Amino acid sequence: MKRFPAVSTLIVIVAALYFLVPLYATFDFSLRMERGVLSFAAYRDVFQSDTFIATLTFSAIASLVAIVLGALIIVPTAYWVRLKLPKVRPLVEFLTLLPLIIPPVVLVFGYMRIYGNDSFLPLTTTDPGTNVLLVIGYTILSLPYMFRAVDNGMAAIDIATLTEAAESLGASRMRTIRTVIFPNVRSAIMSGAFLTFSISLGEFVMASLLNRPAFGPYLVQMGQDYAYQPAALAIMAFGVTWASMALMQLFATRKPGQRLFPRIPSFTPRSVKP
Amino acid sequence: MSFLTLEKVSKSFGTNTVVKEFNLGVRKGEFVSFLGPSGCGKTTVLRMVAGFETPTAGAITIDGQDVTRLPANKRRIGMVFQAYALFPNMNVYDNVAFGLKISGMDKSAIDRRVKDMLDMIALGHLADRYPYQMSGGQQQRVALARALAPQPQVLLLDEPLSALDAKIRVSLREDIRNIQRELGITTVFVTHDQEEALSISDRVIVMNKGRADQIGTPAEIYNRPKTRFVAEFVGTLNMFEARVTDASTNRLSLAGRDIAVPSTNGAALTNGETITLALRPEALFMQEQQAGDIALEGRVQHFGFHGSIIRAKVAVNDQTICVDMFNQANFTMPNVGENIRLYFSPADALVLAA
Chain V
1 MKRFPAVSTL
11 IVIVAALYFL
21 VPLYATFDFS
31 LRMERGVLSF
41 AAYRDVFQSD
51 TFIATLTFSA
61 IASLVAIVLG
71 ALIIVPTAYW
81 VRLKLPKVRP
91 LVEFLTLLPL
101 IIPPVVLVFG
111 YMRIYGNDSF
121 LPLTTTDPGT
131 NVLLVIGYTI
141 LSLPYMFRAV
151 DNGMAAIDIA
161 TLTEAAESLG
171 ASRMRTIRTV
181 IFPNVRSAIM
191 SGAFLTFSIS
201 LGEFVMASLL
211 NRPAFGPYLV
221 QMGQDYAYQP
231 AALAIMAFGV
241 TWASMALMQL
251 FATRKPGQRL
261 FPRIPSFTPR
271 SVKP
Chain A
1001 MSFLTLEKVS
1011 KSFGTNTVVK
1021 EFNLGVRKGE
1031 FVSFLGPSGC
1041 GKTTVLRMVA
1051 GFETPTAGAI
1061 TIDGQDVTRL
1071 PANKRRIGMV
1081 FQAYALFPNM
1091 NVYDNVAFGL
1101 KISGMDKSAI
1111 DRRVKDMLDM
1121 IALGHLADRY
1131 PYQMSGGQQQ
1141 RVALARALAP
1151 QPQVLLLDEP
1161 LSALDAKIRV
1171 SLREDIRNIQ
1181 RELGITTVFV
1191 THDQEEALSI
1201 SDRVIVMNKG
1211 RADQIGTPAE
1221 IYNRPKTRFV
1231 AEFVGTLNMF
1241 EARVTDASTN
1251 RLSLAGRDIA
1261 VPSTNGAALT
1271 NGETITLALR
1281 PEALFMQEQQ
1291 AGDIALEGRV
1301 QHFGFHGSII
1311 RAKVAVNDQT
1321 ICVDMFNQAN
1331 FTMPNVGENI
1341 RLYFSPADAL
1351 VLAA
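Protein sequence lines correspond, in order, to chains V and A.
Letter by letter, the first sequence follows residues 1 to 274 of the working numbering.
Letter by letter, the second sequence follows residues 1001 to 1354 of the working numbering.
Don't take each hint at face value.
With beta-carbon atoms standing in for the labels, derived distance ranges [unchecked claim]:
id	chain 1	residue 1	chain 2	residue 2	range
1	V	Ala160	A	Val1170	28 to 36 angstroms
2	A	Met1239	V	Arg254	58 to 66 angstroms
3	A	Ala1122	V	Ile13	55 to 63 angstroms
Which stretches of chain A does chain V cover? Using the computed rule of at least three CB atoms under 8 angstroms from a CB of chain V, they are [stated by the list, open to error]:
id	stretch
4	1076-1082
5	1088-1096
6	1099-1105
Because the hints were derived from the structure by calculation, they are not lab data.
Note that the structure is predicted; figures quoted are calculated from it, not measured.
Backbone N, C-alpha and C define an ideal beta-carbon position, used for all residues, glycine too.
Here chain A stands alone, though its shape is the one from the complex (with noise of 0.2 angstroms):
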């Protein structure tokens, strides 16, 4: 049974409407990631979980009970926001003790939770401090901890690791989800970062101009995209276009190549219709991988060192295909304009629905 559940919610400012009809059903102690550009109502939807917008329609609720038209501060949510909102007149103690003394919580309790908490983050050194004499990183781990104190029912983080630098965001993302995983809380994790969405998350949801395109895991969600949307959204595709030349054993016609390829994705193939056949980088290889793979003519156009990957530029008749590989010491790099052969396998190639 669902912890958090938004049932049909949909919010509209004035005539533009930004979530509709919205549907999802949250685990508890399940980490949930909203994906999405800007504008896609992720964070609209959130605020709506938190209080801080009342839908327009549609239902929300938390263990059961009806959260809908309840205030933001009765609602037991702890949130982290990208710009840390920490209280800059108090310093890391009183920022951690803020929810807990509002509880009523007596001063010794207080003061071991936020000992425990401050330890939690391993900052318990710079309780003194206030947030202008800390780095980002250091505020963004303070706020997860005030969020944390009164043990709320949810948590809510909203682009809490946009703000920092690259180091700092891959280092804390991991804590998040350390910590999550210890303490069990129902996470929901707002951010545009496809990375940090598929890297700890329990689930994705996609979200396309206020509605939810995919829901499902990160690897359903990056090798299974259901929509052109989540999967020109998630990673980078080579889009090419096939005739179905047999729908009932899913017989296309690649660049007059016959393929077969094991499943269409959900989508309904019709005989002689043209169809979006998509790769991504990493299923093409230079060399063929098992017997019945697809070969298709190019000319290398650009070689890229990105470290443990080398990215390639193919020009295959009169487009170009992103090619990944992992670097290996022995592999000897053709040239560029150079003829070479690229090859997939049929099971790896998706078939979009428009």
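The following block holds chain V by itself, in its conformation from the complex (with noise of 0.2 angstroms):
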């Protein structure tokens, strides 16, 4: 008969309450606006703030465009790489893990110096340019998921052997990525896009050095001015990342053909006779 791991199980209870005591304190708190009821009261308020939706919007905005860049950038590098210069990837590998070494800050204050106001590309002095350079910064951010995310997803199929297949069959490089390399590590990029997203959606550092109307920097002016309402955004942006990394497993999961659902049996109503 086999023993009840009980070492192993306490562990895990212990880690557990490590994670949910807090979260659950920090709910708890976020019900308490109104004295002597619990309520959602401070969610009430927090989405009745206009400034709440407008750096919500703009931050999801950003971290999308920003995905779409840092697949643009990465597929084909990673493709390229694994396809002819196998040899140099522990070097992009490195590459890709700089944004994790060097600290944000750094990264703003080089984009301050070199497209500041005597720069030859002046983007800091509009707000467009630094919406790009807010949105270079985050696809930065992201290449380390991103890069690892979609070089998984192509040594999980054989990219060679299907360039080959599709050159054979009058594929060009350019149709071959599109049409066969992209759709296969589409889940991979879905996987990547999750993360850069939860990631980029709070981002505190560029944004607010850069001067952005973004999520983040709301977050900690809230966190500054008032007591539940911080508590509430704290427990959203949990359920933000919760719902990326569930949407990151279904994606990731998901084989060509299959449902991202499943089926639901439809009901006919069956005719009674009196």
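From these two lone chains plus the hints, build me the complex, please.
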């Protein structure tokens, strides 16, 4: 008879409590805005704020553009490195890890120096220009996650043979990437995309130093000015992250031709005979 | 005239030359196989024909057109890979239609062609399936249909049966041959399996260290191997050392017996030299077949029952000889340890060049 794994169960319970108790405390606190009753008043308050909607929309759009840009850079790069330059893969891997090593503040100050007032390309002097810099910054932040996800996706399929198969059928390299490689690493791109989204949505340093009306600086500002609303925002941010993770899982495990969600059987009412 | 020609084709990777001045002419509609051990250069030659590798020297022509530097996607080549290489994101229909869409064919013509191809491989009912929903044999049939759909000039098969189980292999290789005959498509097949190569090819090219050791029909390759390598690689051989006693009449001395071989297989004999004489296991008999057969004394070491074949190991002098016989109900097998006589016809003995 198998022994009950007491030690591992205990470790799981302690770890779960370590994670869940503060979360529960935050959630509980976010419900106590109105004295004496538990309510969603703090959440209502947040949703009624125009700044919340505006900053969330701004960050969501910036994140989505960063994801598209990241995918357009990473997919062909990872493909080419795997296909033609396998020896430089460690170098590319190292380069994509740099955003985890170099703090975003360094990157932003670099931007300010290169694209400042006296630059040949003074992007920081206009709002659209600064937005472009923010998106590029988010794209750079996404590199470690995007590259690894896409590279793993490519490792799972034999891209060299698939490329040769497509070429033997007359496909150009671009068509091969578009119709064969891209669709087959789509779930990997989605995984990288959801990670990127959850990271850049609440990003503070870049948005704040570039003075952009993003969600990260809004969260910090709320934390300084209010008590209950930041707790509600923290819970919502967790919700967005978890939803991203769940969607990532869903896309990563889906096979071609499979429905995203199982078909719901349709019920036809039976005719009742009198 | 040859439809596919390789003229003095060489390929080097750095300092390593894997194909050396390779020459071959394949007639239109011919089925040729490259046979050889791993690393002999057979796949490299195929990949150069496909356009996936560029020759270091030499020229490749298809139907008179020099394709040596032509990119793979412009060569009109159909290729079937060992690992199937079906596009995982596409169902069977889309996989087969892929090359047709690229060629710019209109939708109704694509529909008809895909249907014809799927009927040809008897998988029309699986058009909606994805590769992961099919067996290896089914996937390779689809890969064959996909390669043939755009009507390529040459069909290249890179060990297409290696990943399949034995039974499927046999049935699929027969299907491949039938389809190839039906379509009359020039086909190059790469394999390390001699049975496969011998059973379906018009001609076999036995490759060794980047060169063609012998090019010939399956019967020529098996019955008259020109080099020791071909003889050893294709089938099983018993080898004996013999001394040339009269080079002008091809007379040899083997284990004290005088033999006159009708052919030296192209080898020049010199009086007194020691040469290798080879015999296939099926060329040895336990009963004399005709007058003039040479007899060897031996002792039975082992009998192996293989259904239709009985394989015996017999010790002759200081070496073990392999003997194959058809299983016959009235045949009484000698006991292990029993002394027997083995007979062979001098006409079946092969003189091997070094």
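Structure-inconsistent hints, enumerated in ascending order: none
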